[in-house]
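*Asks:* This is what each chain is made of:
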Amino acid sequence: MREVAIIGIGQTPVREHWPISLRHLALEASLNALHDANIERVDAVYVGNMMSGEITGQEHLGALLADSLGQTGAEALKVEAACASGSAAFRVGMMAVASGMNDLVLVTGVEKMTDTSGRETTAALAMAADAEYEVAQGVSFVSLNALLMRRYMYEYGWERKDFANFVVTAHSNGMNNPNAMFHMKVTPEQYARCATIADPVGLLDASPVCDGAAAVILAPAEYARTLSPAPIRVRGSGIATAPVAVHDRKDPLALEAARLSAKRAYDMAKVKPQDISFFELHDAFTIMSALSLEASGFAERGQGVRLALDGEITLQGRLPIATMGGLKSRGHPVGATGMYQIVETVLQLRGLAGKNQLPNARLGMVQNIGGSGATIITTILEAMS
Amino acid sequence: MEGKVAHDWRLRGQRYRLEGEECPHCKAKIFPPRDICPECKRPAKEPYRLSGRGEVYTFSTLNSAPEGFENYTPYTVALVKLEEGPMITAQLTDVAPEDVRIGMPVEMVTRKLRAQGDEGTIIYGYKFRPTGLGHAH
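From first to last, the protein sequence lines are chains A and B.
Using the working numbering, you'd call the opening residue of the first sequence number 5 and step up by one each time.
Using the working numbering, you'd call the opening residue of the second sequence number 902 and step up by one each time.
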C-alpha cells in the first residue's frame, strides 16, 4: 500500500448561495483545489454528497462534475454516507491512490440545501435515519440528537448550560474564518435563552442548513514533494459503522462507530490520542461533540462536557476543536462537511490558518459522523517535514 | 416509501401488533424483525409478538417537525425500552409533555400517525401511553 498525500485544497464560502447551483459550487471548489495543486488533469473524481437527488433532482454527480471540469472520460463516482459523505469520498480517493489504481485524484464534497423549504430539507436530512422505524414515527434528525442529549444529562447529571462552551468556542473561532457561514459571537446567556427546537436541543445547539463545497487533490506521498511545496500526509484513516437506528444500538450513548474508527485511524498512524494536536470533530449538535470526545479517547464516559467547561477546547486549550468554526459556525453543508474539515486541517498544518493558527499544529485529526452515529470516519493528517 | 400502499401494507404486523422475532438459539426477543439475531448473530426468523409494555428510556418534545408531521406539533417522541429487551422509537400519547419522566411505565396503543392530505392514506401505528390509563385493549 502506498502512502497518500494531499497536494492541493479548495473551498467555497459556506452560505445560502441563492445565485449558485450545485454543479457550480462543486466546480468552484474543485477548480480551486486543482489550481492550488498546480495541476490540470486528474485520473479520477470522487464526489461526496448526501441529498442532491432529493433537493436538486440531480444524481449521477461523478459524471456531472467530471464533465463540468472538462475532464470527460475520467473515472468518476458519487459516494454517499449521509453526513459523512465528504469523508467517505475522501476515504475512497485515498484507497484509490494507496492501491496504485490511480495517481492523481480529486475529491470534492458538495451540498446544496437551500433550494427547498426548511421542512423539505428537514425531511431529506431525516433520510439518514431508519425510514421505517424512526422517521415514520415522526422523529426529526434534531429530535434523535435530543433523545441522546436528554439521556446523557440524566445519566451523568449535566445541565444544558454545561454544553455552552462548545457553541461559544465554535462561534468565536468562526469569526476569523472568511468562509464561515456565521461571523457572530455567541454568549452563554444567548445559548441559554435560545428557542427550543426539540427539547433539550435549542437552535444554538444545532448547526445551520447551508450550501458549500470543498475539495482536495490526492497524490502518492513518494512524489508529493515534487508536486507541492507543502504536502500533507494521510497518516491514519478509519471507518466504522453502527446500527442506523439509535434504538438498535446496545449502548446509545457510546458512539461505538466513533470508538472503532478512531482506533483504526490511531493504529494505522501508530499514534495515541495524546499525540493529537487538534481535533476537527463533528459538532452538528453539542451532544455529538461530547460523545465524540469520549469515544475517541479524549475523555472518560460522561465527561466530554468537562473539556468544554474547563476551556480545554479553545485555540489556547489542550485540545482545540472546531478551529475554523466547526459545523456550528462555519456551517454544515452535509455532504461537503467532511471535506471542509479536511481542508481546514490542511490549513492549520500548512501554517495558513490566519488569526486562528495554532502554534504547534503537528497532527490534526478529523472526525465526520453520518446520521446519528451509524457511519463514522476518522482521519489523521500530518505535515510532511 | 412512507405513504406508498405496498410499503404500509407490508408493515402492518409491526405497526398494529408489534410482531417481532425470537431467536431460536439464544431466545433473544427481536424488534423490528431483522432475521439475524443482534445478540448471537445467528439466523432468527421465529415470529414473536411483543407485549407492548415498557418504560421511557429518553424523550423529546418537538416544536419543529419534518414534512408530513407539521400539523401535529408539539408532540413527544421517546425511546421505549420494552420489557422483553428491545428498544423502540415511538410517540407518546395521552400525556402532557411536562408530565413525561425517564423510567415512566408505558404501554402500546394504536393511533393515527399521520394523514396525507384529504385524499391520501391515513397511516396508523403504535404509540405509547402511561400504563394504567385506559381499559382493556
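Some clues are possibly wrong.
[As the list claims (entries may be wrong)] 27 Å max Cα-Cα, derived DSS-like pairs, lysine-lysine:
| no. | chain 1 | residue 1 | chain 2 | residue 2 |
| --- | --- | --- | --- | --- |
| 1 | A | K165 | A | K274 |
| 2 | A | K254 | A | K267 |
| 3 | A | K254 | B | K982 |
| 4 | A | K267 | B | K1013 |
| 5 | A | K359 | B | K905 |
| 6 | B | K928 | B | K946 |
| 7 | B | K905 | A | K254 |
| 8 | A | K189 | B | K942 |
| 9 | B | K905 | A | K267 |
| 10 | B | K928 | B | K1013 |
By construction, these hints were calculated from the structure, which means they are not laboratory data.
*Asks:* What hint numbers does the structure not satisfy?
*Replies:* 1, 4, 5, 7, 8, 9, 10
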